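In order, the protein sequences belong to chains A and B. Residues in the first sequence are numbered consecutively from 890, following our numbering. Residues in the second sequence are numbered consecutively from 104, following our numbering.
Among the hints, a few may not be true.
Below, computed lysine-lysine pairings styled on DSSO-like, alpha-carbon distance capped at 30 Å [claimed, not checked]: (1) K898(A) / K958(A); (2) K570(B) / K958(A); (3) K772(B) / K176(B); (4) K333(B) / K772(B); (5) K333(B) / K898(A); (6) K570(B) / K772(B).
Hints are computed from structural coordinates only; laboratory data are not their basis. Predicted model only: the values in this text are computed from it and were never measured.
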Amino acid sequence: MSDPNQGEKDDVRGYVAGYALALALTCAAFAVVRWPSFNRITTLAIVFTLGFAQAIVHFRYFLHITLAKSARDDLWLILFSVLIIVLMVSGSLVILMNLRARMM
Amino acid sequence: MNGAISPTILGRLEWLSLPFVRAWQNPTPDELIGAGAATIVVVGMAGTIALITALGKWRYLWRDWFTSVDHKKIGIMYVVLAFVMMSRAVVEGVLMRMQQATAINAPGIVEPDHFAQLFSTHGSIMIFFMAMPFLTGMINYVMPLQIGSRDVAFPLLNSISLWLTGGAAGLMMVSLVIGQFSTGGWSGYPPYTELEFSPDVGPDYWIWAVTLGSIGSTLSGLNFAVTIYKMRCAGMTMMRMPLFCWTTLCTSILMIFAMPPLTVATAMLALDRYLGFHFFTNDLGGNMMNYANLFWLFGHPEVYILILPAFGVYSEVVSTFSSKELYGYRSMVIATMSIAVMSFTVWLHHFFTMGQSASINAAFGIATMAIGVPTGVKIYDWIWTMFMGQVRFTVPMLYSLAFMMTFVLGGLTGIILAFPPLDYLVHNTLFLVAHFHNMLIPGLLYGMLAGYHYWFPKAFGFRLNEKWGQLAFGCWVVGFYLAFMPLYVLGAAGMARRTAEIFEPAFRPWLYVAGIGALILLAALVALFVQLWVSIREREANRVDAGDPWDGRGLEWSIAGPPPEYNFAVLPTVSGGDPFYTSKRNGDAYLPPERYENIEVPKNSVVGPLLGVFSAATGFALVWHMWWLAILGMLAIIITVIARSFIRDTHRIVSATEVERVDLAWRDKLFASRSISREMETTSANQGFAEVAA
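Isolated chain B (complex conformation) (with noise of 0.2 Å):
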């Protein structure tokens, strides 16, 4: 059963590799465990195979969702990427606070090899295929409708940034199927990472992963920035943009300029593990120090790439509860605008104990403090907002307080952590990790929960429950408390991180108590699917299809919910912020317009699944050293992008007509439609029609 099966063709691949073998030779917990995660994956899939199958839906799949070059489209597969994603990562966050709590002077339910892989690949699963795919659904479907757009600069690049990002998140559930994932944790520190410590495959998985979703991230950065810059309709000048579009822009910025960093960090270190190369080995001239400072240099701006589109969302849903403009917009510009340029100078944080003097320690600490101001600017924003505003306490709302107050909590302990002396004191051990999950489930989390919550009645024309909605609300936040205050409590105690065995029997009411909020949030993501599939069983009680249920400030809710494929029938003409606010006050919101006109859409493309198939395919090659199918799937993906600029024909025109028709049919239901107030947003009389009060 040991050695390669058959190295030409299948690589290095092992019967052993295969997690069912594993467990079958040797039927321990950890190895069951192990292959209950691969059966999930294999079932999963297969099930899912199964029932499209059964319900006969591939083709509608394939000519309505994988091929389509529809921003909103694409934003959607990007959220159900990002849930699919965060549903594992969940699950093995919970595994690893049961680990600890039951690892007491005891081995506890699995091997600290298998504990290695759960704190790497819920790592890498919560910021490169949960938060990155979240948040960049989030901007895919909004951005353009909120700038008076028809679609984003490039629909292409942005499918095939899709699919890049979905082939790479294939190869991480990949890995539990086959082979095993890398130990060396979310940011995969050589020499630890490199072919002397770790020749498993593992880190392969780790680079290869990695390295597509960056390429597909820095693609939908420049996407993103140039359709803020070329793509407003008329009018929309920078300055009257919804906040939501200018942490857009700071984000995409962010991801153009910091994303390569990281891409040229994991093909170094890919050099390093295929090629020989010596780049952060210990001897022949390697220095680790490289890719600490390389890592950082992407690992910081990308926590404020995670964070600004939250801030954005919080701006956006803080403003329509309170019925109130947003306080202090351009002190909300000029926050977002320095917190972007300040990413780019505090990165050595993340390495303050790596050993250079304590000046440059103490500059990069005085930056760290200084980004809490921008980020103190808009918090104040937020509440003055509030203030005298008819507030009302949807989910999104409950989200955006829960994120006031928790987010304080997270930077008070940031300011601590920027102390390099503090830093000595408490790097490397829960404090930390208590830290930068209090600002990310805050942070990134609840901000993109409060924009699904905010903005699902517009992609799909029908609200989500409330009920269940608090009681998912409920559980995030009584989650969170419960499962990370105890960890600051550790960490300053002493407690190193990713531990997966302990000695110290004081830790343990500490550990119960995390180990119980684990669970809570992993009720809080039950509680989020039953909401889905409650709300789409009710979904005819709920109806939005005028398309404004919160009574919106945006051009998005000017729209029918879903919109149209080319979002507005005659693109909007905007005289200040707030335009469908405004216009609703005015009573030229819904004015029809004199004359519809042909739409020129893109054609839908299958170069986008292809070059996510074909990518995916080339990294587990080179996972595995299949190098023929290496070579094969290279030359596919060149080949496909070749092929793809001989077509010219990749517009189709929507008739002024139809456009008439689907847009009268919108108006007809708009004005059967009864206008509620705000107290009543909540219930089934609730059409999508806003009363305007006078």
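Looking at chain A on its own, in the form it has when it is part of the complex (with noise of 0.2 Å):
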């Protein structure tokens, strides 16, 4: 007999870990910035990084997004979202910035 509680153990299991790694990536990238010890590209590089890091930790254990097939649909979704916000923000920088360079 497997435990019916078994499911509900997995679940919190994720939970606690997903918690300890947000907590973990939130508290190396606050530590970089309060000690520094890297130039301010490297350092400005190390946060992007810990911050993409910090999204794909809330996908996959709080939002349950993985590669499992059940959840391939939740994943183009939101690659696509990923695709439609990157041409916008992208697009905009660069229209902006460029009216910018020609007004100075």
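Put the two chains together into one complex; each comes in its own frame, and the hints tell you how they fit.
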């Protein structure tokens, strides 16, 4: 007989692991800024990388987006949304930076 | 008579804010036209209220329509709203054509300021309160039926979307009677719409109406996308969905991503106007180019929000009335998806002349031309669908054919405008006006009208009159060509858009032709209403209770017309594309279910109408600076939402016996009907039971 509470235990374990990872990544990001030991560009890159990892942790542990087949639709939607947002934000930046440069 | 009446209570409302008072003091033709329009609104409103009261229909309206969360009723209410708003906006369009035809070296019939209000309301209404409600209503009605669902994913949210849109449309109508509307065009560009240049209430009306409408549309988009992802019936994989559902999905995605920039832009403009911010002002660090960028970040995807549902309608109509499977279904899906993505890569072509470098203009120009490719794929697919088919020239099919030819012409002028150097020559002229009317009249209006004729028998159980439909169709097409082809000539000759008075006599003949075209378009609108009237009067002769008047292909035709509120007595299972068409051929359509079960449906809710009224009141209060009412309205909105979350009893059960009774009654009618061949589908012999050729 399998434990009827097994699913619930797995859930809790997943949330705890996610919480720990999210907390660690947040602390790491703050630590890099609080105790500077790299130059500015490297620090910025590290913070961005940690932020990206943070987003993936949230998707994986809290929104249950995995590479499993059942979540494939959701994954597609997220990738699609990312594409659109990248298009909108990067396009706006290019246009407005260009205008700014030409007005200076 | 001058000055605010009571600043604490009525804000900046003056006696002179009322067009009646203005017309009394200064009875020029211009003021009389304004007062006349206001009178029509007031009399129309009072007449409607009196009529409903006299018929004793308030309870019926409230219980069966206003508070309903049934996707079918919400869809119908959206379309009714679209028709009401379209009537006003068409009349405004005609008035503008009359002004330009009479204002050649003369002042014409309206003052320049009034003319500016006309083109601002015409554009804002046609986009936000005619096109958007029409397509949202069409999607609402049809899409859940096509995917074999009982409702949309969030029925209450659906009702809230409707009432936010309704409240916003109400604000537009109120602006005719109290105060005045913006003179800044439908795009409301600052710095002109900032306090410095437009201190009156006009831009505020525009801001709050558009903000409410855009929030409603965002919510609708979320609702539709979730419905398509989560509510499809068994066996309905994505690639088996009717094409209308695919275009709905892409439109919803565009709504989700494109409406928020608009809401942000109008909110920022509101901050500028109300709280002294400087986002878009000329001085203190403001920059209106941020507004242009945000607005068109919404504005271009919006074009495809409007056009894609019509593409879906054409795909259904052409396939059904050719009795053929849609040619190149897969290529259609890919083309629709490509258009959805590419629509986010072209927005800069709306401001080629704003001053960015040539290479950026070139990049967006090329993207703009590229988006014509998937659209071209679709046109060929429709043509191949008709090829060797059993084509019937019913009214929806006529609209589809007119669309294919007219839209291609508009597309070609679009390619001209996509060249930045050519755009520099014709931007801000009537050439542009002609171009976008050439895209949106066939690409939206014809599509929605085709869908209206096509699905009307499903929604109401009787067919629309063919003769009046053909007449309306003829007027829409002839009127369109006469009204807008001359504008290409005038635009190429350099006539600026939004001109209230013209000083070039050579333009006269073209303006006259365009004016006649506008009158024919007005006749088309009248013909539509006459058609509805005639069709209702002779409805008994044209009943199609069995529910399948056109030998339909999708699941929506497999149930009664009108369908019961739970749509399907038993949720269907499908095993391929065109499920109903195939099962009719296999002889397993209309199989009675083995057993009936209880069905859970959402209860009516007053939350939608309440939120609509409260948000419209808040908008009105903000326009007139009646701060007490604005605070009260916002509090009421918050309290309503919180109070709703405490209501746990939100569903009721339709019992299995009731479902069985209704279903059997429909089956009795179905089997009593005579099956008819396609040649007879526009005659009274059509009772909605299609004869299946072996």
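*Against the earlier hints, flag every one the structure doesn't satisfy and list their numbers going up.*
2, 4
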